[in-house]
Amino acid sequence: MSDETQPIIAFENVSKWFGTFQVLRDIDLRIGDGECIVICGPSGSGKSTLIRCMNRLETHDRGVVRVEGVELGPGERLPRELRGKIGMVFQSFNLFPHMTVLRNLSLAPMRNLGMDKERAEQTALAYLERVHIGEQAEKYPDQLSGGQQQRVAIARALCMKPDILLFDEPTSSLDPEMIREVLDVIYELTDDGITMVCVTHEMGFARKVSDRVIFMDHGEIVESAAPDEFFDAPREERTRAFLNQILHYEASA
Amino acid sequence: MISPLSGPWVKRVLSNWIQPAAMAGILVFAVMRGAENINYRWQWYRVDDFLFTSEQGAWSAGPLVQGLFVTLEISVLSLFLTLVIGLAAALLRLSSSVIGRGLARGYLELIRNTPLLIQLYVMYFVLGPILGWGQITTAIACLAAFQGAYTSEIFRAGLRAIPRGQIEAGDSLGLSRIDNYRYVILPQVLRHMLPPLTNEAVSLVKNSSIVSVIAIFDLTTQGRNLIADTFLTFEIWLTVAAIYLVVTLALSTAAAMAERRRAGA
Chain A
1 MSDETQPIIA FENVSKWFGT FQVLRDIDLR IGDGECIVIC GPSGSGKSTL
51 IRCMNRLETH DRGVVRVEGV ELGPGERLPR ELRGKIGMVF QSFNLFPHMT
101 VLRNLSLAPM RNLGMDKERA EQTALAYLER VHIGEQAEKY PDQLSGGQQQ
151 RVAIARALCM KPDILLFDEP TSSLDPEMIR EVLDVIYELT DDGITMVCVT
201 HEMGFARKVS DRVIFMDHGE IVESAAPDEF FDAPREERTR AFLNQILHYE
251 ASA
Chain B
254 MISPLSGPWV KRVLSNWIQP AAMAGILVFA VMRGAENINY RWQWYRVDDF
304 LFTSEQGAWS AGPLVQGLFV TLEISVLSLF LTLVIGLAAA LLRLSSSVIG
354 RGLARGYLEL IRNTPLLIQL YVMYFVLGPI LGWGQITTAI ACLAAFQGAY
404 TSEIFRAGLR AIPRGQIEAG DSLGLSRIDN YRYVILPQVL RHMLPPLTNE
454 AVSLVKNSSI VSVIAIFDLT TQGRNLIADT FLTFEIWLTV AAIYLVVTLA
504 LSTAAAMAER RRAGA
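These protein sequences, in sequence, are chains A and B. Numbering of the first sequence is given in the working numbering, commencing with residue 1 and proceeding in unit increments. Numbering of the second sequence is given in the working numbering, commencing with residue 254 and proceeding in unit increments.
Looking at chain A on its own, in the form it has when it is part of the complex (with noise of 0.2 Å):
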């Protein structure tokens, strides 16, 4: 859980700008070995650019980033030896069209985690197996369905055995009866003690699986709790009416 000690990932008065739109305002994050994480909120609030930053698809313009005892400060990329430390699952899956699954998932392990063809093939399908479609390993990507596809990807990602995963709307271009699939397979990662940084507006699923749930609206983290306090007893205003909006279908169903 998060504690004081020694959190894997810090942020530290965090901005960012694009052009003259501040995407993030004097953000102050720590998350804590092996939590779960939920950030939600509408669209352009800076979730998905905060968790760019956090493995440096962007970087910041001012403040200090810690990811796993490394300070990064604005403008630093992920240096060599958090490389591959932190994986990413993306909203548009981005699995390599002209490689089969199998090549999709070995690939990386080969290059840089020095394993033979073999032991990444092994480990591949390991992964595979856990996501259940141990089956499809030597299709192509297009061959797959959405929400196969996304779990090869999240399998892609746990080949590189990651001490953080990071998730990016991970069913949000998943067509409905795919979602189940796909939350599932996440939700088995929880035992693994990966820290898990997600975001998405799948609040059953945020309920369900995460030790603290973040709502972020324009650039800022309005409110930060564990999920039964943030959907039973939200304290800002602002979080009550971003769930009213997002939970009125279920609620009046």
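FYI, nobody ran anything at the bench for these hints, they're computed from the structure. All C-beta atoms in this analysis are idealised placements derived from N, C-alpha and C, irrespective of residue type, glycine included. Relax, there's no trap hidden among the hints.
Covered by chain B, according to a simulated footprint, are these stretches of chain A (three or more residues, beta-carbon under 8 Å):
hint: 1; segment: 79-89
hint: 2; segment: 104-114
hint: 3; segment: 154-163
With chain A's structure known, arrange chain B on it following the hints.
Same frame as chain A, now just chain B:
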């Protein structure tokens, strides 16, 4: 599964050949009629010897086929160099370095806005002696520099067509920049680029005829020398043109087959 002897692919390859063949037929017919009117005496039987000669059952290449080999050698080597230059220039164009982008841009504009013939003369008479290059080296370097400029634009378009997410996925898996290009980006770029690259290869074969001006014995030079010796102007130019046509059509057929294999994969 499409059988290899049917389907749209065969139609495409056939039309690849039939249409130029039909056009050539019409042209030859017109030339024949025209030649009749000026009382040209056709001597096609003499052309065989320029392609192949046989002495006591042993076949050897005639001047035109020897010239074809030189043309092919120059084309293949400069195609390879074209790809290297094209990729390097495209990467520079897309790089974040101002100097790199400037260099690539300058190269592109310089090549695109001067005649190929002048480039060849500059290389042969100015750069060649300075660098100690022979004719063949000069010819290959010149053609590659010329075609590389156009190919770099194709590479650039191909690289930009790859979704950002692909690069980000490679990044977040910890692939180094070079590995990301080698395993993720370039294989996808090359697949998109196959049709336009075929065009580049075809242009290269045709443009290689310009090296005849710096005393290289390619197909065009051989043809011109034969005409000087024999005055068989019509027969030899038509034969030379037909040989170029066969080579370039073979190239596009090979590309169509490669594309089909890819589609079937």
